[in-house]
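S.K.: Okay, here's what each chain looks like letter by letter:
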Amino acid sequence: MRELPASPTSTSASTARLPLAAAPPATAAFQLSDAEIQHIAPTRGDRLFLVLSIFIGLLSGLLVVCFRMSIEWLRVWLLGSVPHPGQYRLLLAPMLVGLLLGLMVKYLFPQARGSGINQTKAALYIYNGYISVRTMIGKFITSALAIGSGHSLGPEDPSLQIGAGIASLIGRRLHLSRERLRLFAPVGAAAGLAAAFNAPISAILFVIEEVIGAWSAAVLGSIVLAAVSSVVIARYFWTSQPMFHIPPITMRDNRELLAYAVLGIVGGFAAVLFSRLLATLRPWLRSLPNWTQVFQPAVAGLLVGGIGFFGFPQVMGAGYDTIDHAMHGEYLWHVLLALAVLKILATTLSFSSGTPGGMFAPTLFIGAMLGASVGSFEKHFFPHLTGSVGAYALVGMGVLFAGFLRVPLTSVFMVFELSGNYSIVLPVILANTLAYLIARSLQPVPIFETLTLQDGLNLPSMEEAREETTLRVEDALHPLDGQVFAGSDPAASIATKLQEEKEEIALIRCARNRWYVLPAADLPKLVQASTRVDQPIEELLPDDRAPFLYPDLPLNETLAHFHRWPILPIVNRAVSGLLEGVVSQADVLKCYQDHAHVQG
Amino acid sequence: MAVARTAESKFHLTPTERIQRRRLIVQDTLALLSLTLVTICIGVLTYFFFHSFAEHRSVLEKRWYKRGQIAMTAGHPAEAVEDFRSALSFSSTNANYQMALAEALAASGRPEEAAAYFSTLHDAEPGDGYLNLQLARLAVRRGNSPQAIEYYQTALNGMWSGQGTERRLQIRLELAQYLISLARPVEAQGQLLAAEGNSLDNPAALFKIANLLRQADDPTDALTAYQRVVHHRNAAPAQVLASLDAESQMNASMGQYKRAAQALIRYIAKSRQYPRAATAKQKQDVEQQLDIYLRMLQLIPFDSLPPRQHNARVLQAAAIAHKRYESCLQASQSHNDPNAANPDLLALGTQWTEFGSPNAHALEGNASLQDRIATWTNQAEILTAKVCGAPTGEDALLLQLAQTPDKTE
Numbered sequence: 001m002r003e004l005p006a007s008p009t010s011t012s013a014s015t016a017r018l019p020l021a022a023a024p025p026a027t028a029a030f031q032l033s034d035a036e037i038q039h040i041a042p043t044r045g046d047r048l049f050l051v052l053s054i055f056i057g058l059l060s061g062l063l064v065v066c067f068r069m070s071i072e073w074l075r076v077w078l079l080g081s082v083p084h085p086g087q088y089r090l091l092l093a094p095m096l097v098g099l100l101l102g103l104m105v106k107y108l109f110p111q112a113r114g115s116g117i118n119q120t121k122a123a124l125y126i127y128n129g130y131i132s133v134r135t136m137i138g139k140f141i142t143s144a145l146a147i148g149s150g151h152s153l154g155p156e157d158p159s160l161q162i163g164a165g166i167a168s169l170i171g172r173r174l175h176l177s178r179e180r181l182r183l184f185a186p187v188g189a190a191a192g193l194a195a196a197f198n199a200p201i202s203a204i205l206f207v208i209e210e211v212i213g214a215w216s217a218a219v220l221g222s223i224v225l226a227a228v229s230s231v232v233i234a235r236y237f238w239t240s241q242p243m244f245h246i247p248p249i250t251m252r253d254n255r256e257l258l259a260y261a262v263l264g265i266v267g268g269f270a271a272v273l274f275s276r277l278l279a280t281l282r283p284w285l286r287s288l289p290n291w292t293q294v295f296q297p298a299v300a301g302l303l304v305g306g307i308g309f310f311g312f313p314q315v316m317g318a319g320y321d322t323i324d325h326a327m328h329g330e331y332l333w334h335v336l337l338a339l340a341v342l343k344i345l346a347t348t349l350s351f352s353s354g355t356p357g358g359m360f361a362p363t364l365f366i367g368a369m370l371g372a373s374v375g376s377f378e379k380h381f382f383p384h385l386t387g388s389v390g391a392y393a394l395v396g397m398g399v400l401f402a403g404f405l406r407v408p409l410t411s412v413f414m415v416f417e418l419s420g421n422y423s424i425v426l427p428v429i430l431a432n433t434l435a436y437l438i439a440r441s442l443q444p445v446p447i448f449e450t451l452t453l454q455d456g457l458n459l460p461s462m463e464e465a466r467e468e469t470t471l472r473v474e475d476a477l478h479p480l481d482g483q484v485f486a487g488s489d490p491a492a493s494i495a496t497k498l499q500e501e502k503e504e505i506a507l508i509r510c511a512r513n514r515w516y517v518l519p520a521a522d523l524p525k526l527v528q529a530s531t532r533v534d535q536p537i538e539e540l541l542p543d544d545r546a547p548f549l550y551p552d553l554p555l556n557e558t559l560a561h562f563h564r565w566p567i568l569p570i571v572n573r574a575v576s577g578l579l580e581g582v583v584s585q586a587d588v589l590k591c592y593q594d595h596a597h598v599q600g
Numbered sequence: 001m002a003v004a005r006t007a008e009s010k011f012h013l014t015p016t017e018r019i020q021r022r023r024l025i026v027q028d029t030l031a032l033l034s035l036t037l038v039t040i041c042i043g044v045l046t047y048f049f050f051h052s053f054a055e056h057r058s059v060l061e062k063r064w065y066k067r068g069q070i071a072m073t074a075g076h077p078a079e080a081v082e083d084f085r086s087a088l089s090f091s092s093t094n095a096n097y098q099m100a101l102a103e104a105l106a107a108s109g110r111p112e113e114a115a116a117y118f119s120t121l122h123d124a125e126p127g128d129g130y131l132n133l134q135l136a137r138l139a140v141r142r143g144n145s146p147q148a149i150e151y152y153q154t155a156l157n158g159m160w161s162g163q164g165t166e167r168r169l170q171i172r173l174e175l176a177q178y179l180i181s182l183a184r185p186v187e188a189q190g191q192l193l194a195a196e197g198n199s200l201d202n203p204a205a206l207f208k209i210a211n212l213l214r215q216a217d218d219p220t221d222a223l224t225a226y227q228r229v230v231h232h233r234n235a236a237p238a239q240v241l242a243s244l245d246a247e248s249q250m251n252a253s254m255g256q257y258k259r260a261a262q263a264l265i266r267y268i269a270k271s272r273q274y275p276r277a278a279t280a281k282q283k284q285d286v287e288q289q290l291d292i293y294l295r296m297l298q299l300i301p302f303d304s305l306p307p308r309q310h311n312a313r314v315l316q317a318a319a320i321a322h323k324r325y326e327s328c329l330q331a332s333q334s335h336n337d338p339n340a341a342n343p344d345l346l347a348l349g350t351q352w353t354e355f356g357s358p359n360a361h362a363l364e365g366n367a368s369l370q371d372r373i374a375t376w377t378n379q380a381e382i383l384t385a386k387v388c389g390a391p392t393g394e395d396a397l398l399l400q401l402a403q404t405p406d407k408t409e
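These protein sequence lines are chains A and B, in that order.
Just so you know, the working numbering puts 206 at position 206 of the first sequence, and the rest follows in order with no gaps.
Just so you know, the working numbering puts 37 at position 37 of the second sequence, and the rest follows in order with no gaps.
Hints were generated in silico from the structure; no laboratory data involved.
Since the model is a prediction, treat every value here as computed from it, not as a measurement.
Ideal placement from N, C-alpha and C gives every residue a C-beta, glycine not left out.
Keep in mind that a hint or two might mislead.
Claimed, not checked - Label-pair ranges, simulated between beta-carbon atoms:
(1) B:40 with A:137: 45 to 51 Å
(2) B:127 with A:423: 18 to 24 Å
(3) B:40 with A:254: 52 to 58 Å
(4) B:47 with A:137: 17 to 23 Å
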């Protein structure tokens, strides 16, 4: 994402492409500002957002079906119906198409580079949801050509970007507000991914886990609607069969969990190796002279084609067939291991060279091969303890997903959804967690973040956000250094006591367990206003009361109240009105500063 | 709440704002309509695009499947595996292709992979008879007998598309054969008797059942099954002759030489009626066997014979056996030290002397003596065969009779 998107066509889009801070405050429909639209049709935005989510889902689903069909057509035309080692087209097709892709990416579709996930995140966080039509078309054409010609890449991530592109286009055409336009990118992304995977839950979770980074009620409903709509379309064409044909999965013995733990460890190290290779080769290739960029996809294509030509055509393209075969135990363990290693190599070459295409399918492929390899090995040496190889391949896919893409929750649900089988829950959770922990400790920066940093962008890290410690009210809480008065106490007696103790603030316990924070400076006015000597102070106080704040609330929730109250009483959740302590603005600031100091 | 807000904002709208609001509604409606049209257009295009490729894939998958079938027919299952795999790459859910691939894998000596495929199919249709049968056969190959028997049983109870009765019968026979090979004859007999009950109109099946019953150590039921074949009006002449031959052997093994001979007589008669049903060699063998049985029938002292004739046969057999005994004793002594002859032979000689000179008169009315002499005859033939080798001629017939404890007429 080195360049800003191409000039958009509409007025609203031209504002959308600017960074948030620099953008004008409103978009236009009939020359109306957002505020005007909000005034004359306050519910329009919400309703339109939901209706459009369905259209985004339908259109994304249709485009993803076309995209997958294009890949299939191209694969048959370029590589033949069933590629076999020794066919010269395996060398020529990826090389020549690579040359064409180099030219297209250099001169026609510069934004089509890469997988599409970071571009979608950039659209969300930097470009106000703007993804140009040109980028979307470029992604479609170049990714289809790359995958169809045998480059070791997958269609899922481009599908995600195509979905986000559709969402962005629709949002712009309907002159939605900048805020909604931004939210549409993840909605479209979920729809595109759901259609590509034929797995709505995984797509929704991935977008929440990796793109948005948080469960947002504002966007969740739309994401679900869009994902479901797109999957309906995908299933109309591809039926509701799971993506892979999973053989019966059984766990013979609880000791087999040890074998899955081994798989988790192997997968964790493989994920680190894969990440490091990519993180090393990609910047090196980019540092080469500019004119070489055009030829890099061709060279990568030749090398990947060479792997296919000399015996392993399975590594070319997305490789779903091979995953299916591995699941049915059709390869010996050392062949599976070789396929996993070669796929890591081939994908690193293809992706680092700037060839457009995704990382999901290769990740699944490598994971499945590693899993089946571990499963076959263990079946060979411990036949009584090991279940079907297919189960290992399936768990292996989740393992690499967790370790390489660093989306632990999505990885677990993806396995369930792809297999339609929940009996494998324990091995999946165990192996995925191990792989995730190993990958995280050995490679602290996730691959998507590494890639964005290489591109000169600084997008928020979802993993860091997940790991972030939330400061709570109790962290800044301290006991009241003063006196508590009852609401029935007369104002004069309170004033006298405050004066005696030289205190500046009084905490008044009012009716219904509410609290009032009274500065000493306000007391003379209240004393003057009292009509009799013993008049309770509560009758003299203004109507508002201090908010109910509890020790477990996030600390930032206090900030909004300091303009009104000099200190905030913190009460117990169980015993209504019981005072736990107080916090002041200075306490809160000090707490944040101390935390920042500790974090370094 | 939203409704209230809308109502409130409507209430406060100026005439210009109302017009703007209406224009906004019209604009959004048009936008949604155009979006619907765009979606329909892309949908139609996708439909045609998808179906054009689906047709192309269909052509390719059929081509690969056909190649696989040809390879299988030509006896090249390894090639067929690749072809079927290619067909499956275009239609991965096609159960026929999966089945064909699994069969090819099994035929090319890869039972584990084949089992994985069949298991996948089985998971989808656990009650399918054919799948269970294939899984049973694979389990047999892998030596997993409990699983094999379980799959066979499920196949028997499973669903079959057409010819269910015939297929179930074949599976039952296959299961029985497998049980026999596992040395579990009693379970095999159960399966075979059940099969027999379901195939009374099928002489070919009856003949197989009879053969298997014979292998499962159930001669009585085997004999009954053979007889059913013989008397079946639709039975093929070759099966009738084979059944008669088997019936004869079964009867002989049970000591029923008369029935054995009768079966062979019927065999000869049938073979004359259907000259092509048996080869000349088979006919010659049967005639020789019949001759043996007839000669044996001449030697056996049946209880039903008149006493004089009965006693004469006892004496005739004893004389033949004694002659054989004498020559064996001599041969035994000439080869070794004369004083070191076989003690059992010597003991047998002592028994003979106790009979004195048995004659018809002495035997008359003396059932005990008749039995003792007959027993001696049997023991002499068995012992001399053991000491001096297999006998020939009538001694061979007597030895066979001695080895058949229950001779009936």
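S.K.: Does each hint fit the structure? Answer for all of them.
M.R.: Comparing the hints with the structure gives:
no.: 1; hint: B:40 with A:137: 45 to 51 Å; verdict: 21 Å, violated
no.: 2; hint: B:127 with A:423: 18 to 24 Å; verdict: 21 Å, holds
no.: 3; hint: B:40 with A:254: 52 to 58 Å; verdict: 54 Å, holds
no.: 4; hint: B:47 with A:137: 17 to 23 Å; verdict: 21 Å, holds
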